[in-house]
Amino acid sequence: MSVFLRRVRLIALKEYKHILRDPFTLAVALLLPLLFVLFFGFIIDLDYKHIPLVVRDNDQSPLSRRFLRQLSAAGYFDLAPAHGMLAAQAALRRNDTAGVLVIKKDFGKNIMKGDFTAPARAQLLLDGSDNTKAAMAQAYMTGALLKINADFTRLYHADAAAANPDALVRTRFLFNPELNSRWFIVPALNTVIIGFLAIVLTALTVAREWENGSMELLLSTPVRAAEIVLGKLIPYFTLTLFDVLAVFVLSLYVFGIPFLGSFVLFTFACCVYITGALALGLVISVITRNQQAAIQFAFAAGLLPSFIFSGFIFPVENMPLFFRIFTGLFPQRWFLSLSRSMFLSEASFAALAGPMAGIIIFAGVMVFAAVKKLKTDVEP
Amino acid sequence: MTAAEAAAAQANENIIEVKDLTVSFGDFKAVDGISFDVKKGEIFGFLGANGAGKTTTIRTLCGILNPARGSVRVDGRDVSSSTAVLKPLIGYMSQKFTLYRDLSIAENMAFAGSLYDMPPARAKARAAELFDFIKLRAPQDTVAGDLPGGVRQMVALCAALLHDPVLIFLDEPTAGAAPRTREDFWALIRALAARGKTIFVTTHYMDEAQYCAHIALMDRGRIIALASPRELKKTYNAQNLDEVFIKALGARGAEDER
Ligand SMILES: Nc1ncnc2c1ncn2[C@@H]1O[C@H](COP(=O)(O)OP(=O)(O)OP(=O)(O)O)[C@@H](O)[C@H]1O
Ligand SMILES: [Mg+2]
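So the protein lines, in turn, are chains L and R. Numbering of the first sequence is given in numbering that gives the first Met the number 0, commencing with residue 0 and proceeding in unit increments. Numbering of the second sequence is given in numbering that gives the first Met the number 0, commencing with residue 0 and proceeding in unit increments.
Simulated from the structure, these hints should not be mistaken for lab results. Incorrect hints may have been included.
[As the list claims (entries may be wrong)] Derived Cβ-Cβ restraints for the label pairs, each shown as a range:
#1 R:Arg179 to L:Gln291: 30 to 40 Å
#2 L:Leu12 to R:Asp145: 14 to 24 Å
#3 L:Thr237 to R:Ala212: 48 to 58 Å
#4 L:Leu37 to R:Asp77: 55 to 65 Å
#5 L:Leu320 to R:Arg100: 34 to 44 Å
#6 R:Gly50 to L:Gln291: 19 to 29 Å
#7 L:Leu29 to R:Asp145: 24 to 34 Å
#8 R:Lys39 to L:Leu12: 30 to 40 Å
#9 R:Glu12 to L:Leu328: 28 to 38 Å
[Stated by the list, open to error] The calculated EDC-like cross-link candidates involving lysine to aspartate or glutamate, where the alpha carbons are at most 20 Å apart (straight line), are:
#10 L:Lys16 to R:Glu242
#11 R:Lys28 to R:Asp218
#12 R:Lys95 to L:Glu210
#13 R:Lys134 to R:Asp183
#14 R:Lys95 to R:Asp116
#15 L:Lys16 to R:Asp145
#16 R:Lys38 to R:Asp26
#17 R:Lys134 to R:Asp116
#18 L:Lys16 to R:Glu106
#19 L:Lys16 to R:Asp101
#20 R:Lys95 to R:Asp77
#21 L:Lys374 to R:Asp77
#22 R:Lys39 to R:Asp77
#23 L:Lys48 to L:Asp95
Glycine included, every Cβ here is placed at the ideal spot set by N, Cα and C.
With the hints as constraints, model all of the structure from the sequences given.
Here is the structure:
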């Protein structure tokens with residue numbers, strides 16, 4: 000083993016010991032993500048399953064019936080057939096239903112034709128009086144459609160699918176509130192958890208060593224800045240990666256969110272994003288040299304970008320131009336977009352390249368800055 | 000004698016050569032144009048009130064701080080340009096308690112040894128030797144944070160000595176220690192000097208300064224007196240070093256008023 004790796008290893012092993020002997024760090028690192036998931040996943044929108052929906056099927060083909068079967072199997076909608084358009088509209092007015100789903104004529108024929116420029120059409124009319132419920136219904140429908148589209152494409156047009164990312168079935172929403180449901184929140188949870196937790200975890204480490212004087216001692220030994228930085232990153236990296244995988248498994252099996260993207264690519268993106276966030280924490284730690292200041296900085300650098308600038312609460316697309324550009328500085332925004340795309344669609348690599356570049360650049364700059372800063376910090 | 004030979008002979012004599020050293024934090028000069036040499040194998044004492052700039056000087060000599068002005072040479076080399084070569088030669092015991100409180104004595108020592116690329120077995124043997132010398136009785140698996148102050152300092156000293164450095168910086172090693180512990184400390188320090196190690200030590204205790212071959216008195220970033228204890232007592236016509244210190248500072252005070 001080279002001297003470099005040997006020293007990285009010994010710093011990392013020491014750091015593991017610190018973590019394992021500090022119940023507080025360990026508790027924060029392992030329980031905080033769970034609390035997040037429980038809070039955002041369950042508490043926020045537990046009531047919105049089984050949304051009543053009246054269906055008017057104008058096609059009455061085997062394919063339209065198959066579409067409805069799949070939609071109802073997803074469990075989010077309770078479908079009831081309507082006899083005629085008038086009856087459907089009456090149900091909407093009487094508040095008997097959250098919306099009306101109209102399947103257009105030639106729905107089945109269009110699917111079989113597989114002309115992606117003329118997709119099969121369905122229309123979803125939503126009752127806008129309950130804003131949240133309508134948003135939820137729309138989000139569920141979007142998610143269900145992603146899956147159904149993928150299935151239909153695979154079944155009937157496997158050859159064309161690779162070349163054409165467009166949908167076979169497309170829905171027009173007559174009501175378009177901000178998307179805000181579990182389908183959109185859960186895939187974004189990792190963004191917030193890493194973007195916040197990872198920064199706070201490492202922000203304390205170097206500051207702690209400055210405070211008790213051991214950093215000064217480390218710097219008087221032959222150990223180099225890069226070895227310290229890497230050695231400190233590794234233990235927290237494994238800890239955070241564990242959190243990410245735990246949240247991933249919960250998303251799939253507890254919340255039933257589909258994961259349609261590439262798992263390998265997703266793991267890779269997680270690793271890059273974690274590294275960047277951890278390194279940012281180190282930079283904060285090296286600059287402040289003080290645990291109290293470090294934790295305040297870390298909160299500021301973690302919370303605001305994770306919740307506000309990432310698109311977690313306010314969609315980036317709806318922001319003014321300045322903020323659309325400004326949010327690009329934060330890896331949270333890029334990872335959030337990656338994570339949602341990979342959960343909810345079979346996004347092609349090309350579509351992911353931009354956000355992927357965003358988090359890679361951020362991680363590179365942060366690791367470089369941490370090493371550089373630790374090295375030059377020696378000078379007053 | 001050529002210039003190179005002369006330089007080599009000098010380096011042989013002096014392990015530390017400081018010329019006109021200034022270290023600043025922003026506008027504030029913590030160390031302000033000091034010069035001194037330390038001979039190989041001597042105990043060199045650095046005395047001064049709080050905030051005089053002792054720690055800052057040591058940190059600069061260890062390559063942790065870079066000087067604003069002046070030159071610092073250790074073992075004939077410029078410190079800021081050859082830190083990698085010099086660091087293994089240096090042992091530094093900081094004024095702060097620098098062991099990891101959540102690690103045991105054994106773990107702390109193993110870590111200290113590995114930082115200098117020592118094989119674990121050798122580090123362990125050497126630690127046992129040092130602990131023997133200081134008569135450490137605490138079990139090896141005691142967590143460092145649980146040790147009483149004096150013992151902790153002792154262990155920290157052993158950690159700094161583990162890799163057998165030739166130049167040892169001790170920043171107030173005996174601060175707050177019991178008189179007995181201080182005696183043990185100095186016994187170890189003198190034994191090291193007898194073995195040819197150079198010791199650079201700062202202290203607040205004048206009685207400890209007796210053991211030093213040379214003493215530098217520091218005040219507000221400047222060296223106001225630099226000589227052997229005996230010479231100092233003679234110059235200031237004093238009975239002991241306490242008196243020397245008071246008189247030296249008094250002279251400085253009078254100068255300030257002028
Ligand atoms: N990192 C720093 N930034 C700013 N000022 C500093 C820094 N380190 C030390 N100082 C200032 O430099 C001066 C000298 O400090 P130094 O620690 O060298 O004194 P000292 O002689 O070791 O004192 P003590 O006996 O208290 O240890 C002090 O006024 C101190 O406040
Ligand atoms: Mg000091």
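### Query
Lying within 30 to 40 Å: is that true of the beta-carbon distance R:Lys39 to L:Leu12?
Given about 37 Å between the Cβ atoms, the range holds.
### Query
Under the criterion that the straight-line Cα-Cα distance not exceed 20 Å, is the pair L:Lys16, R:Asp145 satisfied?
holds, 17 Å
### Task
Sort out whether R:Asp183 lies within 20 Å of R:Lys134, counting only the CA atoms.
Cα-Cα ~9 Å, so holds.
### Query
Under the criterion that the straight-line Cα-Cα distance not exceed 20 Å, is the pair L:Lys374, R:Asp77 satisfied?
Within the cut-off at roughly 18 Å; holds.
### Task
Confirm or reject the claim that L:Leu37 and R:Asp77 have a C-beta distance inside 55 to 65 Å.
holds, 59 Å
### Message
Given the hint of 19 to 29 Å, is the C-beta distance from R:Gly50 to L:Gln291 inside that range or not?
### Response
Holds, since R:Gly50 and L:Gln291 (Cβ atoms, about 23 Å apart) stay within the stated range.
### Query
Taking 20 Å as the top limit, are the C-alpha atoms of L:Lys16 and R:Glu242 close enough?
Status violated; Cα separation ~50 Å.
### Task
Please work out if R:Lys38 and R:Asp26 have their alpha carbons no farther apart than 20 Å.
Violated, at about 32 Å.
### Query
Given the proposed pairing of R:Lys95 with R:Asp116, does the C-alpha separation stay at or below 20 Å?
violated, 24 Å
### Query
Do the alpha carbons of R:Lys95 and L:Glu210 lie within 20 Å of each other, as the hint requires?
Holds. R:Lys95 to L:Glu210 sits at ~9 Å (cutoff 20 Å).
### Query
Regarding the pair L:Lys48 and L:Asp95, is the alpha-carbon distance no greater than 20 Å?
Holds, because 16 Å separates the two Cα atoms, which is no more than 20 Å.
### Task
Evaluate the given range 14 to 24 Å for the C-beta pair formed by L:Leu12 and R:Asp145.
With a Cβ separation near 22 Å, L:Leu12 and R:Asp145 satisfy 14 to 24 Å, so the hint holds.
The structure shown violates the earlier hints numbered 5, 9, 10, 14, 16, 17 and 20.
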